[in-house]
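What follows is each chain in one-letter form.
Number of protein chains: 2
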Amino acid sequence: MEHPEEAVEDRADESLLVRVSPAGLGDARRGARVDRAQDPRTRRTRAAIVEAATTLFLRHGYQGTSTDEIARLAAVSKRTVYNNFGDKERLFTEIVLGTTVTAERLADELASELPHAEDVPGALRDVAHRLLETVTRPLVLQLRRLLIAEARRFPDLAREYYRGAPGRTLGALAAAFESLAERGALVVPDPQRAAEHFAFLVLGATLDRAMFEGERSVPSPAERQRTADDAARAFLAAYGAR
Amino acid sequence: MEHPEEAVEDRADESLLVRVSPAGLGDARRGARVDRAQDPRTRRTRAAIVEAATTLFLRHGYQGTSTDEIARLAAVSKRTVYNNFGDKERLFTEIVLGTTVTAERLADELASELPHAEDVPGALRDVAHRLLETVTRPLVLQLRRLLIAEARRFPDLAREYYRGAPGRTLGALAAAFESLAERGALVVPDPQRAAEHFAFLVLGATLDRAMFEGERSVPSPAERQRTADDAARAFLAAYGAR
Numbered sequence: 018m019e020h021p022e023e024a025v026e027d028r029a030d031e032s033l034l035v036r037v038s039p040a041g042l043g044d045a046r047r048g049a050r051v052d053r054a055q056d057p058r059t060r061r062t063r064a065a066i067v068e069a070a071t072t073l074f075l076r077h078g079y080q081g082t083s084t085d086e087i088a089r090l091a092a093v094s095k096r097t098v099y100n101n102f103g104d105k106e107r108l109f110t111e112i113v114l115g116t117t118v119t120a121e122r123l124a125d126e127l128a129s130e131l132p133h134a135e136d137v138p139g140a141l142r143d144v145a146h147r148l149l150e151t152v153t154r155p156l157v158l159q160l161r162r163l164l165i166a167e168a169r170r171f172p173d174l175a176r177e178y179y180r181g182a183p184g185r186t187l188g189a190l191a192a193a194f195e196s197l198a199e200r201g202a203l204v205v206p207d208p209q210r211a212a213e214h215f216a217f218l219v220l221g222a223t224l225d226r227a228m229f230e231g232e233r234s235v236p237s238p239a240e241r242q243r244t245a246d247d248a249a250r251a252f253l254a255a256y257g258a259r
Numbered sequence: 018m019e020h021p022e023e024a025v026e027d028r029a030d031e032s033l034l035v036r037v038s039p040a041g042l043g044d045a046r047r048g049a050r051v052d053r054a055q056d057p058r059t060r061r062t063r064a065a066i067v068e069a070a071t072t073l074f075l076r077h078g079y080q081g082t083s084t085d086e087i088a089r090l091a092a093v094s095k096r097t098v099y100n101n102f103g104d105k106e107r108l109f110t111e112i113v114l115g116t117t118v119t120a121e122r123l124a125d126e127l128a129s130e131l132p133h134a135e136d137v138p139g140a141l142r143d144v145a146h147r148l149l150e151t152v153t154r155p156l157v158l159q160l161r162r163l164l165i166a167e168a169r170r171f172p173d174l175a176r177e178y179y180r181g182a183p184g185r186t187l188g189a190l191a192a193a194f195e196s197l198a199e200r201g202a203l204v205v206p207d208p209q210r211a212a213e214h215f216a217f218l219v220l221g222a223t224l225d226r227a228m229f230e231g232e233r234s235v236p237s238p239a240e241r242q243r244t245a246d247d248a249a250r251a252f253l254a255a256y257g258a259r
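Those protein sequences? They're chains A and B, same order as listed. When we follow my numbering, the leftmost residue of the first sequence carries the number 18, and every step to the right adds one. When we follow my numbering, the leftmost residue of the second sequence carries the number 18, and every step to the right adds one.
Simulated from the structure, these hints should not be mistaken for lab results. There may be inaccurate statements among the hints.
The list cannot tell twin chains apart, which means a pair is met if one copy fits it or any two copies do.
[What the hints assert, rightly or not] In silico DMTMM-like pairs for lysine to aspartate or glutamate, Cα to Cα no more than 25 Å straight-line:
| no. | residue 1 | residue 2 |
| --- | --- | --- |
| 1 | Lys-105 | Asp-85 |
| 2 | Lys-105 | Glu-230 |
| 3 | Lys-105 | Glu-167 |
| 4 | Lys-95 | Glu-195 |
| 5 | Lys-105 | Asp-173 |
| 6 | Lys-105 | Glu-130 |
Produce the complete structure using the sequences and hints provided.
This is the structure in structure tokens:
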């Protein structure tokens with residue numbers, strides 16, 4: 018799950034939860050905002066704008082995309098874009114940070130599952146495979162390229178994305194490896210380093226090549242499975258309990 | 018050594034070698050071209066253009082840089098830029114591919130030294146450190162970001178850079194690990210995979226973060242040394258002879 022439009026839907030769902038919390042606590046303004054976000058027509062409009070903007074940003078970059086073009090592709094007025102998202106920069110920011118929801122999910126899964134795994138080698142292979150599948154999705158690869166391209170113009174956004182996505186995943190891996198070491202299932206002198214080693218044994222070569230050659234350079238599903246298995250094997254050789 | 022202007026100087030030196038080869042074999046046109054490239058004034062002019070163009074491309078991107086601005090910063094006429102490099106696209110291509118000279122050098126060193134190393138763990142630590150130092154130079158990081166940003170506009174150039182720099186280094190590592198395995202110093206079922214594991218144990222985390230956060234995120238020399246040592250240790254645990 019990493020389509021930005023779904024991410025926005027997710028946040029609309031969170032607003033929904035706010036709305037069903039004790040009604041008396043919400044002030045009128047918040048109530049109005051929540052009602053608007055919940056309105057199916059508003060949600061469809063916002064999703065259409067996010068989808069159009071994502072398509073155009075990924076195809077033409079930030080500078081090469083105008084709010085006019087976004088409105089035209091989404092079949093809404095320019096005013097509707099501004100009313101829903103403010104300016105182009107805020108729309109871009111919202112789309113980028115919306116995609117970190119994927120990393121949050123993966124990090125949450127890692128944190129809850131990996132420390133309690135019974136078959137540690139099997140669990141590591143599984144995590145390696147999920148990590149590789151997540152990061153090699155075309156949208157994630159394209160978004161990474163776009164953000165790297167725009168990192169000079171938007172240094173804070175690039176930093177926030179890094180912390181929210183790759184950084185968060187590394188943090189969750191480090192915590193999980195520390196737990197596994199406490200159980201005696203791994204030997205981990207430096208959990209953060211172990212997390213970096215795991216992540217880039219899995220992702221490094223595929224991801225680096227895809228940054229230059231695009232998503233068509235991503236290998237087949239069978240080869241990705243081998244990549245994940247080989248990474249887990251090398252990691253266990255370095256960090257497995259003897 | 019990775020300054021593009023030095024790379025261009027290098028190629029000027031190669032022209033020099035052509036010139037001192039049997040004189041009778043050179044036709045008049047080649048002689049004229051070589052004389053021009055050898056002329057110290059021409060070499061200074063070309064170096065000034067490459068330096069100005071590199072500065073502007075890295076600062077403002079390809080689209081954000083005009084031949085006018087390059088000429089102005091290099092203190093030459095626009096015609097001089099065209100006479101020496103053709104158009105902006107050819108100048109950009111020449112600068113990008115000029116930087117792969119660094120990777121060529123590193124690959125040549127690896128190929129000639131690593132297979133004969135007496136202290137294999139020490140040699141791996143040394144290679145890890147040299148690789149990390151090379152790739153985390155500000156110019157290399159900035160050029161990688163620029164090329165990733167322009168990969169959609171220049172897919173062939175991005176592919177050529179990937180093959181000439183990261184790809185070439187991986188190939189040299191794979192060949193060296195295969196030799197070491199033949200000597201019984203390593204156990205390497207898949208040399209290409211072993212090369213990927215080595216390279217991204219060394220580079221992965223530092224390089225990925227620097228793509229988003231820029232060269233200021235590159236850790237201190239002492240921390241880079243630890244990163245290289247930890248990578249070599251993990252690699253040996255996975256691929257060392259028992």
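* **Structure versus earlier hints, numbers of those that do not hold, lowest first** => 4, 6
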